[in-house]
Amino acid sequence: MILTLIVLPTSVWGEKIIGLTPAINEILYDLGTGNEIAGVPERTRFPPWRKKLPEIGPYYRPDVEKIISLRPDKVIGATYQERYLKQLSEFGIKTLTIKDQTIDDILDSILKIGRFLGIEKKAILLRTKIKNCLKQINVKNSRSVRVVIILDVVGNKFFVAGEKSFVSEVVKLAGGINVVRSRIPYPQFSIEDILKLNPDIVLNLSMKKIDNSLLEKFNIKKINDPELTIPGPGIVKSVIILRKILGNPLKGKVNCLK
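Per the working numbering, the sequence shown starts with residue 1, numbered consecutively.
Hint data in this document are derived by calculation from the structure and do not stem from the laboratory. These figures come from a predicted structure and were not determined experimentally. C-beta atoms are modelled at their ideal positions from N, C-alpha and C, and glycine is treated no differently. One or more of the hints may lead you astray.
Unchecked claim - Dumping the calculated DSBU-like pairs for lysine-lysine here, alpha-carbon to alpha-carbon at most 35 Å:
1. K51 x K196
2. K51 x K140
3. K157 x K196
4. K94 x K131
5. K99 x K208
6. K237 x K221
7. K217 x K140
8. K112 x K66
9. K129 x K140
10. K51 x K74
11. K51 x K66
Said to hold, decoys possible - FRET-style restraints, in silico, Cβ to Cβ:
12. F91 x L53: 14 to 22 Å
13. L70 x R181: 38 to 46 Å
14. G118 x S190: 28 to 36 Å
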């Protein structure tokens with residue numbers, strides 16, 4: 001008798017996983033578990049074949065019924081999604097909650113996700129790679145630039161990055177000084193609040209153009225790459241992009257990205 005060995009896709013052998021945020025899906029992909037992703041939130045960039053996967057709604061309001069219908073084995077979400085995770089756990093789905101407010105949170109979440117999925121060694125390697133990269137591309141002893149970071153514009157109000165946010169930390173690594181001294185990660189500022197801070201550069205990371213003559217005195221840099229606001233492994237590339245914008249471009253190739 002001749003036996004034929006049928007090689008099945010990785011996702012058949014593995015577990016079905018759903019990450020409730022774009023950043024979590026980026027971590028899952030970088031950990032080599034992209035084939036196990038069963039559904040993605042809107043505006044997710046990873047895995048590359050995400051368009052073939054069912055969507056589970058926006059990350060700030062995931063569709064619990066849709067997620068349950070996909071029958072995942074495990075679901076991973078952020079602290080602000082705990083009520084959705086609790087609902088899913090009541091249906092027997094294993095869940096994990098991670099923090100994503102700071103760079104340390106991001107690095108710790110990689111380890112937590114690795115342990116949760118039984119691939120801790122891969123998680124340690126990824127975490128170490130990112131830490132080494134950040135050390136290599138960190139700006140030291142350079143002229144610092146005073147910065148205000150705008151994340152969204154709603155009417156005449158601006159949601160900006162406070163000093164306790166991962167976005168602020170990324171800007172600092174690139175040689176910028178976030179002049180917003182708020183302990184709230186993402187406070188709401190008026191145009192007058194920004195004018196009082198008198199920044200050298202206003203980084204506009206929102207999807208909207210700032211149309212206000214009062215801010216024209218400042219150097220406004222519009223950045224259309226959503227990666228800069230995603231608390232995931234992409235923080236390394238974000239620092240490299242911001243270094244160039246802030247006048248501290250890298251010299252030579254970054255070996256740690258290989």
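Comparing the hints with the structure gives:
Taken as a hint, the K51 and K196 pair is broken in the structure, with Cα atoms around 44 Å apart against an allowance of 35 Å. About 41 Å separates the Cα atoms of K51 and K140, which puts this hinted pair outside 35 Å; it is violated. With a C-alpha separation of about 15 Å, the suggested pair K157 and K196 falls inside the 35 Å cut-off, and the hint holds. Taking the CA atoms of K94 and K131, the gap is near 29 Å; set against the 35 Å cutoff, the hint holds.
This hinted pair checks out: K99 and K208 have alpha carbons roughly 27 Å apart, not beyond 35 Å. Under the criterion of a C-alpha separation no larger than 35 Å, the hint pairing K237 with K221 is consistent with the structure, at around 17 Å. The hinted pair formed by K217 and K140 meets the criterion: a straight-line CA distance of about 28 Å does not exceed 35 Å. Of the pairs offered as hints, the one joining K112 and K66 holds, with about 25 Å between alpha carbons and a cut-off of 35 Å not exceeded.
Annotation: proposed proximity of K129 to K140 holds, straight-line Cα distance about 20 Å (limit 35 Å). Our distance criterion of 35 Å between C-alpha atoms is met by K51 and K74, whose separation comes to about 21 Å. For the suggested pair K51 and K66, the alpha carbons sit about 16 Å apart, so the restraint of at most 35 Å is met. As the Cβ distance of F91 to L53 is approximately 20 Å, the hint placing it in 14 to 22 Å holds.
For L70 and R181, the Cβ-Cβ distance of about 43 Å falls inside the hinted range of 38 to 46 Å, so the restraint holds. In this structure the supplied range 28 to 36 Å is violated for G118 paired with S190, their Cβ-Cβ distance being about 49 Å.
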